[in-house]
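Asker: Residues per chain are reported as follows:
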Amino acid sequence: MATALLIILFVPLLGAIAALVAGRRLGAQTAWVVLLAPALACAATVWLVLQFAPGTRTVIEWPWIPSLGLNLTFVVDGLALFFGLVVSGVGVLVVFYSAHYLDHHYRDHGRFYCYLMLFMGAMLGTVFAGNLLLLFVCWELTGVTSFLLIGFLHDKGESRAGARMALLVTGGTGLAMLAGIVLLGQAAGTYELAALLDGVAKGASPGRLNAAFVLIALGALGKSAQFPFQFWLPNAMAAPTPVSAYLHSATMVKLGIFLIARIFPVFRETELWSPLLVTVCFGTMGFGALLALMSHDLKAILAYSTVSQLGFLLGYYGMASPAGAQGDFLHIASHVFYKGCLFMVVGIVDHATGTRDVRELGGLRHRLPLLAGITAVAAASMAGLPGTLGFISKEYMLKEKFDYWEGAAALNWYPMVLVVLASVLKVAFSVRLFWGVFGGKPRPELAKNFHAPGLAVQLPPLLLAGACLAFGLFPTVLGGALDRLHTVGLHHPVDLEFHIWHGVTREFIMSMLIVAAGAGTFLLLQLERWRWARVPAWLRFDAGFEAAVDWLPRGAKLLGRGLRFDRQFDFLPIVLGFTVLLLGGFWWRHRGELWPGLPVWADINPLRAFVVGLIAVAVGMVMHMRRWTSQLIAVSVIGFLVTFYYVLFRAPDLAMTQILVESATLLLVLLLLARFPRSAELSEATRAFPVGRQVMNAVIAGGMGLLVTLGALMAMKHKHAEPAGSYYLENSQPLAHGTNAVNTILVDFRGFDTLLEATVLVVACLGALGLLMRYRRTAEEWAAGAMGPAGYGLGRTTDQKKEKKSP
Amino acid sequence: MMWETAILIGLLFGAACFLILQASFVRILFGFILLSNAANLFVLAMSGRPDGKSAPIVGVAGAAPVDPLPQALILTAIVIGFGVIAYLVILLYRTFLDQRTASARELFDPARERPEEEQA
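Listed in order, the protein sequences are those of chains A and B. Quick note, in the numbering used here, the first sequence goes up one by one and the last residue is 904. Quick note, in the numbering used here, the second sequence goes up one by one and the last residue is 906.
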């Protein structure tokens, strides 16, 4: 079993590598090499289905990071195998289809198949994952690979926009899901699915479980394009058609359904499960059907119909009783068959005629008889006509709704009404899809570009349509197969038997009424000439989403402007002003205990006060002088007076050092000022701040000075009883054999600090040297401005500026 | 408490702040020089009143010596302050060579164009 699983998981990755290698040489023929991968994976899945005992769950573990207790855990049960079959089986058909669809008109075949195989590998990983974190990683990988696939035709703007939208929506909701997973994992104490499915989380607090469920459901709703995220799916239709057929009918959008089915046993009993899923998803079902009816692009019709059908499938789990769901695989399989088929048909029609607009198409039944037959069957299955699998699916769907109605749950009418409404609309657009393309009079303008598709490209849709028909006529066969995939916890213990004919029941009558109403709607709208030019913008949401995405950088820029990131010299006043307010406010609140008391004349040393007076005069000169040199002299005077102050403080070493440093500083700054032209100094008057700003600066500076004065007084008041310095005084001679305590501290007691101090000087020297050795600015650097380029997406870059100048 | 020292520190600190808030790089440099003096004096004030005490030389009979630790700290601070000032001086010189201005306001002016003589 483990070997088969390994094949399923790793063959797609090998296929991706093979595609890259083969793509360069083989071009369009790469598909035949790649086809092996899904075929092998599919065969392995089928083998697994035959091997495993129905209704069991096998956990396969490989050590990954054993020291962290992280293992690669995979779960093989009915649900995983069902989705594994869908993913690998449709994968085979899609690769086969692509081999014919992506002809030599396309480029980069290797890259395409590489992405496709990577996507398939990620899908299979998600489906078989046995650990929530592993599931999340694979889930996000499908998002990334689908981004690559949707944007495969990256020279088209709409492809890029569609890919980005899909990535943002599914990735963003995926983050919510991660939060939910972590919440659940913390609540349950494990991330292993097997334990969670067995009900480990049951004891957790309901609030946590509800929050975890809503977050995880958000991820599922985003991936499955449910309201309000439905807009990304129609935009993702910019992808090549095989991608749409694979991702947007059978696999990626089904992941949301898979996830809901996966966590069904964990969360079914939380009180939000039913209300949330039923309201949102059945609402989306009706909404999507309406939009499908209003669209004209064949792919858009299919996209909105997929949104609608996904809404049903998700809402279905929402309605299911805690004992389990029934017949869910039937609905999913039915949708996979007809939707995959119809996407492929649309691709062929697009290829043959060059248009996908249903208003321009018509009368193709004579030119494409086989395709018309295929489409008729698939559209009939979508509409739910008798004889197709869609009919059976709809019968059971209506039965469920009737049961739910009778179950008298809250909102019991809601699913019924929306399902009937959506079904009527679905019949109408199914008929339109078929009739618009193949019915009516032949259009001569289509004949010009027409080139008939080969038989081989029609084979995959033919197979799928055949499945719709065959399983529709012999539903017990499918029923038997799906029974094998019965999953514990998810499915109702009593098995459902599918029959083609149940007699004239209320479901049958309802179904027929729906078909009649749908046909009537179609005819009515034909007569009314299908008034909508397009889906109205306010119903599409995508323009709003794009605007929001565009507003993000703009909002960031505004915020940055608000924070004045481009005006550095505004930072300092803000920081200092804030400090003054904060510390000043603190002092004012505690002024009672912090007030130092008025000065006493006897305390003031006249000599020191005299020096302070001299320094104050020098400070006034610094403030008053306008010439740089005079100011420098005043600054130097302050420095020398401070030297004298050191002498008064009985600090001969300080005084000596200060004299040396002060002289060196004076010389250095004088040298610097001598290098500046007179104009630089004179132009300063014009660059000075306005009076208001200077007053503000003075207030801030005055506040700082006052605070520091008070701080100094406080520091002097609260003196430590035993200063650390007495230790050095006592030990200076016995330990360091020196009499000057300051010197012994520097070179003996704290010698390493002094070494580091010398290092600082060396670093400053090296830095200064580097600055002096730097070359002059280049022309490009000048062009980029003082701050250099502003960064990606903001402002002009050097190149743009050059381009503007060159003409 | 030494009111005269506290006032001196506050005076120097306020003046330094005012200079640092200016647009001219040269004034900012002067502000920095004053700031390091003010900070040194603040630490020195911690050593307490020097009146009636002697320099921290042991082994000399007479008055009790002042606390030597603040002095050692300040000595280090003076030297490092000088290193930083020297670096700032060179940085300012370099900025002027590159930008042809000694004004922070002009340097960050978005409307500023490159000088004419460089455009050839």
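Rather than coming from a laboratory, the hints here were simulated on the basis of the structure. The structure presented is a predicted model; accordingly, all values stated were derived computationally and were not measured. Treat the hints with care, as some may be off.
To be verified - In the DSSO-like style, the derived pairs of lysine-lysine whose C-alpha atoms are separated by at most 27 Å in a straight line are:
1) B:K839 / A:K816
2) A:K496 / B:K839
3) A:K545 / A:K253
Asker: Now, for every hint given, state plainly whether the structure supports it.
Answerer: Evaluated hints:
Of the supplied pair hints, the one linking K839 (chain B) and K816 (chain A) holds, its CA atoms being roughly 17 Å apart against a limit of 27 Å. For the proposed pair K496 (chain A) and K839 (chain B), the alpha carbon gap of about 104 Å is over 27 Å, so the pair is violated. Taking the CA atoms of K545 (chain A) and K253 (chain A), the gap is about 25 Å. The hint holds against a cut of 27 Å.
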